[in-house]
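*Asks:* The listed protein sequences derive, respectively, from chains F and E. Going by this note's numbering, the residue at position 295 of the first sequence is 295; the numbering climbs one at a time, nothing skipped. Going by this note's numbering, the residue at position 205 of the second sequence is 561; the numbering climbs one at a time, nothing skipped.
Just so you know, these hints were derived from the structure itself, not from any lab. It cannot be assumed that every hint is accurate.
What the hints assert, rightly or not - Some chain F residues near chain E, calculated using beta-carbon distances under 10 Å:
no., residue
1, 6
2, 31
3, 35
4, 105
5, 132
Keep in mind it's a predicted model, so treat the numbers as computed, not measured. Ideal placement from N, C-alpha and C gives every residue a C-beta, glycine not left out.
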Amino acid sequence: MNSRGLNILGLVLVGAIGLAFLVLTPRLAELDTVLDLTVYMIMAVLALSLALIWGFGGILCFGQSAFFGLGAYTYAIAMFNVGESTLPFVLAIILPAAFAALLGYFMFYGRISDVYLGVITLTVTLILFNSVNSTAGPEFHIGAARLGGFNGIPGIPPLNWPFNKAAAIDLEGMFYLATGSLLATYFGLRLLLASQFGRIIVGIRENERRAELLGYDPRAYKLATFTIGGALAGFAGCLFANWGNFVSPTIFGLAQSAQIIIWVIVGGRGTLIGPVIGCIGIQWLSAALGANQPSGGSDLWSKIFANAPLILGVILIAFVLLVPKGLVPALGDIGSSLLRRRRAREKRGFEPQQAE
Amino acid sequence: MDLVALLAIQVLYAVASLALISVGLAIIFGMMRVINLAHGEFLMLGGYAAIVATSHGISIWIAMLVVAPIVVGLIGIIVERAIIRFLYGRMIDTMLATWGLSLFLVGLTTAIFGNTTVGISAPLGSIQIGAYRTSAYTLFVIAIAIVVLAAIFAVMRWTRLGLIARGTMQNADMAAALGVNPPRVYAITFGIGAALSGLAGAVLAPVSGVFPTIGVAYVAKSFITVIGGGAAILSGTVSASALFGTINQIATFVTTPVFGEVALLAAAIVLIRLLPQGITGRFFRRGL
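Let the sequences and hints guide you as you build the complete structure.
*Replies:* Structure representation (structure tokens):
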């Protein structure tokens with residue numbers, strides 16, 4: 001089978017599994033499982049936003065959580081002021097995108113190197129964390145919404161059907177929305193990457209100077225990619241604020257930023273399905289570690305195994321040192337080398353017959 | 357007048373603490389082109405080292421100025437040998453691996469010390485400036501920053517170690533051809549950078565207390581300072597600290613500490629847009 005055939009087979013497979021998951025889960029699983037799965041789906045959208053800008057755009061963004069958090073906070077603040085979710089929903093996508101565009105302008109048009117880019121994006125999210133964290137007093141409010149500082153904003157009203165305040169979304173509806181969004185994002189990004197724009201951003205990732213000499217402006221393309229990534233992350237943030245009806249500054253924190261990076265690293269840069277798998281796998285692992293916390297766990301070992309940052313740190317170091325490409329590309333390499341070896345063997349078996 | 361003097365001390369303190377928390381990172385970045393994302397955790401470990409040592413009856417001065425740098429310096433050398441040396445030339449992977457290290461260290465200290473703030477009270481009482489009182493410890497931090505920077509200058513400028521370090525920094529292959537062992541220089545450099553971070557963390561521990569995630573409070577500022585300063589270690593750190601510390605402190609004085617941090621960040625992003633190579637990419641190019 002040629003690579004085009006494999007590609008189509010992959011797409012059909014992802015679509016079929018996704019649809020089956022979307023339709024069957026609420027029928028088969030308990031409500032609390034559905035609730036857990038919903039947040040996995042939302043985070044997978046976030047993972048895809050970084051998969052686009054880092055894996056395909058080659059932009060080393062360490063602060064994707066800045067846009068995620070901005071989306072969540074924008075939705076929450078707008079919702080308390082407007083009371084009807086159409087405008088807050090749109091703002092939660094536009095504002096992070098605009099922030100990404102502004103930040104991206106300074107970074108890409110300043111032509112700073114990858115490493116500085118990573119540090120600046122990380123710094124931005126940390127400053128957001130520190131700033132929002134220290135807004136606990138009642139004097140910090142935007143319109144009717146109190147920022148709440150480290151306590152966060154509780155009781156965020158859920159999304160409703162556009163322009164119909166009475167039709168608010170329920171828990172099951174949230175699952176459908178999150179899973180549907182993930183599928184739409186995945187296929188939308190596949191489409192985007194298959195378009196001319198997608199080819200160009202991958203070309204820029206591969207060799208920026210060459211793309212520039214061919215007449216493309218890498219700065220503009222990178223800025224566009226970064227802005228799309230920011231919008232997607234903001235969208236995920238809006239869903240996240242809906243899922244828990246709660247946001248707190250930890251959404252901007254170092255641990256959250258690191259998680260997004262780890263999902264993409266573990267799953268594999270340069271693929272879309274990899275980060276989704278990485279995201280769901282790592283979240284499941286974190287949840288399992290947290291749940292296994294022994295009740296009388298006072299000795300050091302049980303504390304270590306129930307300690308998500310510690311385990312995530314080890315996973316990140318191990319992947320960078322041992323599997324830098326990530327799981328999906330590494331498995332792909334193993335698969336294609338096996339295939340090549342088999343073909344070579346078949347060929348060897350075939351040639352003497354031909355010579356007969 | 358007294359208010360001006362007080363404000364001047366506050367600005368100096370902001371500059372000094374910024375220089376102190378950044379210089380370890382600047383040495384590692386300037387010499388090895390490695391961005392150590394676990395920098396904040398090195399500071400945090402310095403604080404814990406000082407606190408554990410004092411609670412075992414060691415004098416607070418020895419704990420801060422001797423024990424903390426040695427402990428964190430050794431940890432730095434271990435980290436360089438175990439992780440960093442496999443990743444030279446892969447700058448982005450180094451950042452990711454040190455980020456993993458940062459999470460690991462936060463997790464480990466949480467498991468050992470618990471998620472609570474421990475503190476040591478600042479020694480040295482307070483001093484009177486006209487109608488105002490300020491902590492004498494503030495002046496001590498300023499003095500420490502000056503001593504550390506002067507010591508780095510002296511070592512880099514006048515000793516054989518400094519000569520070898522500068523040579524390796526400029527051209528590692530040439531230095532190797534002349535009989536220097538670059539891996540050893542890198543290990544020592546990383547250790548010294550870590551030791552200075554440990555010292556800074558310990559010196560600032562009485563001001564801020566220590567808890568496992570305190571690194572977050574430091575890293576953003578120190579990264580901005582190092583990137584704003586550019587490649588030259590000393591002149592970069594000093595000039596960027598002076599600029600950002602002043603902006604931060606004045607904005608804090610006029611408004612709130614939160615806005616001070618935001619002003620610091622905004623200044624840094626504009627600076628990077630104007631001088632992508634940092635301050636020393638354009639000015640003081642021949643500085644150390």
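*Asks:* Next, verify each hint and record whether it holds.
*Replies:* Cross-check of the supplied hints:
With a least beta-carbon distance of about 29 Å to chain E, the hint placing residue 6/F at the interface is violated under the 10 Å criterion. A cut of 10 Å between beta carbons decides the hint on residue 31/F: the least distance to chain E is about 32 Å, and the hint is violated. Contact between residue 35/F and chain E, as hinted, is not supported at the beta carbon level, the nearest pair being about 27 Å apart and thus beyond 10 Å. Look at residue 105/F: its Cβ gets to within about 8 Å of chain E, closer than 10 Å, so that hint holds up.
With a cut of 10 Å, the hint placing residue 132/F at the interface with chain E holds, because the nearest CB-to-CB distance is about 9 Å.
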